[in-house]
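Colleague: These protein sequence lines map, in sequence, to chains A, B and C. Following the working numbering, the numbering of the first sequence begins with 1 at its first residue and continues without gaps. Following the working numbering, the numbering of the second sequence begins with 1001 at its first residue and continues without gaps. Following the working numbering, the numbering of the third sequence begins with 2001 at its first residue and continues without gaps.
Bear in mind the hints are in silico, worked out from the structure with no lab data behind them. Keep in mind that this is a model prediction, so the values were computed, not measured. One or more hints might be untrue.
Stated by the list, open to error - Result set (SDA-like, lysine to any residue): computed pairs, CA atoms no more than 25 angstroms apart in a straight line:
| # | chain 1 | residue 1 | chain 2 | residue 2 |
| --- | --- | --- | --- | --- |
| 1 | C | Lys2038 | A | Val100 |
| 2 | A | Lys39 | B | Ala1101 |
| 3 | B | Lys1161 | C | Ala2069 |
| 4 | B | Lys1161 | C | Thr2111 |
| 5 | C | Lys2110 | B | Arg1154 |
| 6 | C | Lys2104 | A | Met110 |
| 7 | C | Lys2110 | A | Arg16 |
| 8 | C | Lys2104 | A | Gly23 |
| 9 | A | Lys18 | C | Ala2108 |
| 10 | C | Lys2038 | A | Ala112 |
| 11 | C | Lys2038 | A | Gly83 |
| 12 | C | Lys2038 | A | Gln24 |
| 13 | A | Lys75 | A | Gly23 |
| 14 | A | Lys58 | B | Ala1101 |
| 15 | A | Lys39 | A | Tyr99 |
| 16 | C | Lys2186 | A | Pro103 |
| 17 | A | Lys58 | B | Gln1097 |
| 18 | A | Lys18 | C | Lys2110 |
| 19 | C | Lys2186 | C | Glu2027 |
| 20 | C | Lys2038 | C | Asp2113 |
| 21 | A | Lys18 | C | Arg2105 |
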Amino acid sequence: MPKIMVVDDAQFMRVRLKKLLTGQGYEVAEAEDGEEAVKVYQQFKPDAVLMDITMPQKDGLEALADIRGLDPGAKVIMLTALGQESMVVQAIQSGARDYVVKPFDPNRVMMALEKVLG
Amino acid sequence: MTGNIHSVSIGELVVSKSPQGVLVAYGLGSCVAVCMYDAAGGVAGMLHALLPSASNSRDSGNMAKFVDKGVPLLLEKMKASGALKSRMEVYMCGGAQMLTAPGFNNTLNIGARNVAAAEAALKDLGLRLRVRDTGGNSGRTVKLRVSTGKITVRTLGQGEKPLN
Amino acid sequence: MPKREMSSSLMWLHLLTRPQTRNILEEGMNRAAANLSKMVNRPIKVGEPWVEAIPLSQLYDHIGDPEVATVGIYLLIEGELRGQSLILFSEGDALYLVDLLNGKRPGATKTLDALARSAVGEIADNMLAGFLNAVAEFTGSSIQPSPPAVMVDMAGAIVDVVAATSIVANSDHLIVIESGFKDEDKILQCRFWVLPDPADAG
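Full structure from sequences and hints, please.
Modeller: Pasting the structure below:
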């Protein structure tokens, strides 16, 4: 069963994504900001990460860089309401595998996950 | 509370001698209401200030929006209406911290700064606070009845309660 | 609007005063409405945005009843354009939107618990991000909202937050870009406010 880490400061979003993913047979761990994400990543060792960008403490781009530093093979998909080109470019250059803009279509998220998990 | 409601909006300062009058500051968040009352003189006043200090502002217009300028102005206006400083009862309400999410706590704590500014301004004038209801995270509506000097504070969670 | 190399204050000046930039504000509000619509899965219409200078003394008249229970979501605008946003819903409309968001029948959500508040925060975040995405595209800049702060309190107490930050170094007016939203025939009691950084508006 593939393991997914969901990183989002909004409890509502974590609950919704967890429901979606567990319904598809994934095992899910949650983190509510970038700092927690880096810790949870090391313990949980997920196969893929869904990462929000706008978060307190440490944002998603910083967490992405930290996680890629710990594990250059980390598969991180950004999932954010920020649809600006500069942000997408920055995320992809920092090693994000995909970029899904909120409000998201659940199928789009599942497809992105299936793609990175091969 | 019945009577002639006189709404004291942000940046306003109202002094009344009307026995039927009720001074009301609705929905105070980080704003503070400073109330003064002289029972013998039958004079009540209320200041509804937004910001602690005028010193950082280029604006020289309405001073009642600033706590540090508004408090002495309120005292002056009370005296001009016949109130005596020696008989003055002083109360303060408001100064809540409305933003409690992470990242907002320290930068925008205007409520606490308003309360501190009022304390300092009252001390400068040699006035002592009788009762206060300040701080916390809830908005307040403050009513001051001119005939009795009775003050009530209403919040959404607690309803209306007497202050004095 | 010329691209790149514009300061935050110059960008605000253009956005607030130039007829040519009207389409940016309109597109921004359309994106905010489209994001709301996608979240709650029904058509949401948005009115034409307008820019106004609300005198401090009339702020409470402007918002209606300052004592009424209101849900306010406050976000900072950060990056190459700096400012703040306050999105106000009546308590009833906030509950209604949470129901729609969760696919429940209207009236199912009775109170705004932590989970419901976080849902309201997410709605506001997506609305403002939609608006800012449009502005960023038109101006070629990078602009982000902060995480949302959700308040449930008297309307007056909530607007104190933007009054205190906007009036600080300035005049007695709040400069506000505002628009209204409609769900089919129901006019949502929603105020979507975008305010320039006071340091930029002076």
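Colleague: A separate judgement is required for each hint: does it hold in the structure or not?
Modeller: To see whether the hints hold, each was checked on the structure:
1. Taking the CA atoms of C/Lys2038 and A/Val100, the gap is about 14 angstroms. The hint holds against a cut of 25 angstroms.
2. Distance restraint check for A/Lys39 and B/Ala1101: the Cα-Cα separation of roughly 22 angstroms lies within the 25 angstroms cut-off, and the hinted pair is therefore satisfied.
3. Using a Cα cut-off of 25 angstroms, the hinted pair B/Lys1161 and C/Ala2069 holds, with the two alpha carbons roughly 18 angstroms apart.
4. For the given pair, B/Lys1161 sits about 24 angstroms from C/Thr2111 by alpha-carbon distance, which is consistent with the 25 angstroms threshold.
5. Taking the CA atoms of C/Lys2110 and B/Arg1154, the gap is near 23 angstroms; set against the 25 angstroms cutoff, the hint holds.
6. With a C-alpha separation of about 23 angstroms, the suggested pairing of C/Lys2104 with A/Met110 holds against the 25 angstroms cut-off.
7. Using a Cα cut-off of 25 angstroms, the hinted pair C/Lys2110 and A/Arg16 holds, with the two alpha carbons roughly 20 angstroms apart.
8. Proximity of C/Lys2104 to A/Gly23 is assessed by CA-CA distance (about 19 angstroms); at most 25 angstroms being required, the pair is judged to hold.
9. Taken as a hint, the A/Lys18 and C/Ala2108 pair is honoured in the structure, with Cα atoms around 22 angstroms apart against an allowance of 25 angstroms.
10. With a C-alpha separation of about 19 angstroms, the suggested pair C/Lys2038 and A/Ala112 falls inside the 25 angstroms cut-off, and the hint holds.
11. Restraint check for C/Lys2038 and A/Gly83: the C-alpha separation of about 15 angstroms stays at or below 25 angstroms, so the hint holds.
12. Annotation: proposed proximity of C/Lys2038 to A/Gln24 holds, straight-line Cα distance about 22 angstroms (limit 25 angstroms).
13. For the given pair, A/Lys75 sits about 21 angstroms from A/Gly23 by alpha-carbon distance, which is consistent with the 25 angstroms threshold.
14. Simply put, A/Lys58 and B/Ala1101 have alpha-carbon atoms about 15 angstroms apart, close enough for the 25 angstroms limit, and the pair holds.
15. Between A/Lys39 and A/Tyr99 the alpha-carbon distance is near 22 angstroms, which keeps this suggested pair within the 25 angstroms criterion.
16. With a CA separation close to 22 angstroms, the supplied pair C/Lys2186 and A/Pro103 stays within the 25 angstroms bound.
17. Simply put, A/Lys58 and B/Gln1097 have alpha-carbon atoms about 24 angstroms apart, close enough for the 25 angstroms limit, and the pair holds.
18. With a C-alpha separation of about 24 angstroms, the suggested pairing of A/Lys18 with C/Lys2110 holds against the 25 angstroms cut-off.
19. This hinted pair checks out: C/Lys2186 and C/Glu2027 have alpha carbons roughly 22 angstroms apart, not beyond 25 angstroms.
20. The hinted pair formed by C/Lys2038 and C/Asp2113 meets the criterion: a straight-line CA distance of about 23 angstroms does not exceed 25 angstroms.
21. Restraint check for A/Lys18 and C/Arg2105: the C-alpha separation of about 22 angstroms stays at or below 25 angstroms, so the hint holds.
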